[in-house]
Amino acid sequence: MNNHNDHTGQSSNELYDRLSPDIRAKLSAHEQTSTVPAGERLISHRECPRHLMIVNSGSVEISLPTGKRIVPVAVAAKGKVFGLRTLVSGSPAEIDVTALEECELTLLPISDVLEVLKQHPQMFLAIAQVLSADLKMVEAVLRQRTLSMARRSPALAAG
Amino acid sequence: MSSAYNLHIIENCLTCIHRENRLFCNLPKEALDALQNMKATSVYPKGALLCLEGRAPRGAFILCTRRAKLSTTSADGKTIILRFAEPGEVLGLTAVVSNTPYEATVETLEPSQANFISQQDFLRFLQEYSDVGMKVAQQLTHNCKCAYDEVRSLGLSNSVREKIAKLLLDWAQHPLELPKKKPDEIALRVTLTQEEIAQLAGTSRETVSRVLGDFKSKGWIRIKGATWHILNKPALQKLVTI
Chain W
1 MNNHNDHTGQ
11 SSNELYDRLS
21 PDIRAKLSAH
31 EQTSTVPAGE
41 RLISHRECPR
51 HLMIVNSGSV
61 EISLPTGKRI
71 VPVAVAAKGK
81 VFGLRTLVSG
91 SPAEIDVTAL
101 EECELTLLPI
111 SDVLEVLKQH
121 PQMFLAIAQV
131 LSADLKMVEA
141 VLRQRTLSMA
151 RRSPALAAG
Chain H
160 MSSAYNLHII
170 ENCLTCIHRE
180 NRLFCNLPKE
190 ALDALQNMKA
200 TSVYPKGALL
210 CLEGRAPRGA
220 FILCTRRAKL
230 STTSADGKTI
240 ILRFAEPGEV
250 LGLTAVVSNT
260 PYEATVETLE
270 PSQANFISQQ
280 DFLRFLQEYS
290 DVGMKVAQQL
300 THNCKCAYDE
310 VRSLGLSNSV
320 REKIAKLLLD
330 WAQHPLELPK
340 KKPDEIALRV
350 TLTQEEIAQL
360 AGTSRETVSR
370 VLGDFKSKGW
380 IRIKGATWHI
390 LNKPALQKLV
400 TI
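Chains as they are written, first to last, in this note's numbering: chain W, 1 to 159; chain H, 160 to 401.
Be a bit skeptical, because a hint or two may be false.
[What the hints assert, rightly or not] Looking from chain W toward chain H, a few residues come up when the C-beta cut is under 7 Å (computed): (1) 89; (2) 119; (3) 121; (4) 124; (5) 131; (6) 135; (7) 141; (8) 142; (9) 143; (10) 145; (11) 146; (12) 147.
[As the list claims (entries may be wrong)] Simulated pairs of lysine to aspartate or glutamate, EDC-like, Cα-Cα distance not exceeding 20 Å: (13) W:78 - W:104; (14) W:136 - H:212; (15) W:118 - H:290; (16) W:136 - H:309; (17) W:68 - H:309; (18) W:68 - H:308; (19) W:118 - H:287; (20) H:304 - W:96.
[Unchecked claim] In silico negatives: residues of chain W with every beta carbon more than 12 Å from chain H: (21) 22; (22) 44; (23) 50; (24) 100.
Simulated from the structure, these hints should not be mistaken for laboratory data. Cβ coordinates follow ideal geometry from the N, Cα and C atoms, glycine included.
Chain W on its own, in the form it takes in the complex (with noise of 0.2 Å):
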């Protein structure tokens, strides 16, 4: 991972998008950006990442490991910002997130962004708006998921 400071911020992304310009400039004031090669591992399940990430280009597979196998959740694109369950609950990781292709990353250290957030509570609007995107993303697959389960019930019923 190539990384070198870059403070023009001020990028498209689910978060900033919601945030005021002057709370905005208080984070990219913090930004580093960071070029990932295809195969990349950008945050794995287990681990708290320590950056908020943003995609800038390039895309991204979100995963979920369950034992032996890995459930496809989802591919995101430019805009998407990783790290903030880490945030607001200090909790690991529960996916794993891996480069498709190179991308360019803005990365944010958690503990800057929650200086920011202290000074600015209103914050937490814009990060419950991210966090709600992504748990419909989740139960849009457990719906898909569960009603492809109850579809193939009558030829599961023997176990």
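With chain W's structure known, arrange chain H on it following the hints.
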């Protein structure tokens, strides 16, 4: 103290004895004062629909007592239960926060108390009090974790027998305190119908009936009305992948 449907109504959030153990309600005094002034307390009978999937959000409900089920219906009319909400949970949260239609239908499983807050009041509450913002964000991450756990569980279940065994073992984590015929017997209170268990397991009522009949005939469980007994936990555990 008021009561309805044999429920003691908790009228004042500031003096609620359950507050400290609840996901959302453990807030500082000034936030609780604001909550107390904006909420409308109601008691609902079993089967009351608090939120309707696809409808525009009117507001959020804080579930004070008992449980509610969150379900969704597919385009071809199949209903599945997404999960059960516990006391202290805010219902209709994603819809209210993102101003999108309710994602699920929320139905009370038993007579329940819930506090209603209009969407406008809830959004103001969230922005004015950072503790409320943090609690909302934490509940959303908790709900996300539950949904991931469910997807993981579906991904691992190879059969309906395994899925139903897993449900029984999950319920066994909250056993009833009843006299036991054998020391390793686990008593459960199951208020779900077989149709609801089918909606939870992603199968048909007939299959649930057949699987439970099989478990009974093997002597793994005993069912008497809403009281179920797990008689052979290791046998159920053997069916479950994790």
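Here is what the structure says about each hint:
For residue 89 (chain W), the interface hint holds, the least distance from its beta-carbon to any beta-carbon of chain H being 5 Å, beneath 7 Å. The interface hint given for residue 119 (chain W) is violated, since its Cβ lies 10 Å from the closest Cβ of chain H, which is over the 7 Å cut-off. Because the smallest distance between the Cβ of residue 121 (chain W) and any Cβ of chain H comes to about 3 Å, under 7 Å, the interface hint for this residue holds. For residue 124 (chain W), the shortest C-beta to C-beta distance to chain H is roughly 3 Å, which falls under 7 Å, so the interface hint holds.
Taking 7 Å as the C-beta contact cut-off toward chain H, the hint placing residue 131 (chain W) at the interface holds, the least distance being around 4 Å. For residue 135 (chain W), the interface hint holds, since its Cβ comes within 7 Å of a Cβ in chain H; the closest pair sits about 5 Å apart. Restraint check, residue 141 (chain W) versus chain H: the minimum CB separation of about 6 Å is within 7 Å; hint holds. With a cut of 7 Å, the hint placing residue 142 (chain W) at the interface with chain H holds, because the nearest CB-to-CB distance is about 5 Å.
Annotation: interface hint on residue 143 (chain W) holds; nearest CB of chain H at approximately 6 Å, less than 7 Å. Taking 7 Å as the C-beta cut-off, the interface hint given for residue 145 (chain W) holds, the closest approach to chain H being about 5 Å. About 4 Å separates the beta-carbon of residue 146 (chain W) from the nearest beta-carbon of chain H, less than 7 Å, and the hint is met. The interface hint given for residue 147 (chain W) is met, as the beta carbon of that residue sits about 5 Å from the closest beta carbon of chain H, less than 7 Å.
About 9 Å separates the Cα atoms of residue 78 (chain W) and residue 104 (chain W), which keeps this hinted pair within 20 Å; it holds. For the given pair, residue 136 (chain W) sits about 13 Å from residue 212 (chain H) by alpha-carbon distance, which is consistent with the 20 Å threshold. Between residue 118 (chain W) and residue 290 (chain H) the alpha-carbon distance is near 11 Å, which keeps this suggested pair within the 20 Å criterion. For the given pair, residue 136 (chain W) sits about 14 Å from residue 309 (chain H) by alpha-carbon distance, which is consistent with the 20 Å threshold.
Using a Cα cut-off of 20 Å, the hinted pair residue 68 (chain W) and residue 309 (chain H) holds, with the two alpha carbons roughly 16 Å apart. The hinted pair formed by residue 68 (chain W) and residue 308 (chain H) meets the criterion: a straight-line CA distance of about 15 Å does not exceed 20 Å. Taking the CA atoms of residue 118 (chain W) and residue 287 (chain H), the gap is near 13 Å; set against the 20 Å cutoff, the hint holds. Distance check on the hinted pair: residue 304 (chain H) and residue 96 (chain W) sit about 14 Å apart at the alpha-carbon level, within 20 Å; holds.
Non-interface status of residue 22 (chain W) relative to chain H is upheld: no Cβ of that chain comes within 12 Å, the nearest being about 15 Å off. The Cβ of residue 44 (chain W) sits about 14 Å from the closest Cβ of chain H, beyond the 12 Å cut-off, so the non-interface label holds. Against the 12 Å criterion, residue 50 (chain W) stays outside the reach of chain H, whose nearest CB is about 17 Å from its own CB. With 12 Å as the threshold on Cβ separation, the claim that residue 100 (chain W) sits away from chain H holds: the shortest Cβ distance comes to roughly 21 Å.
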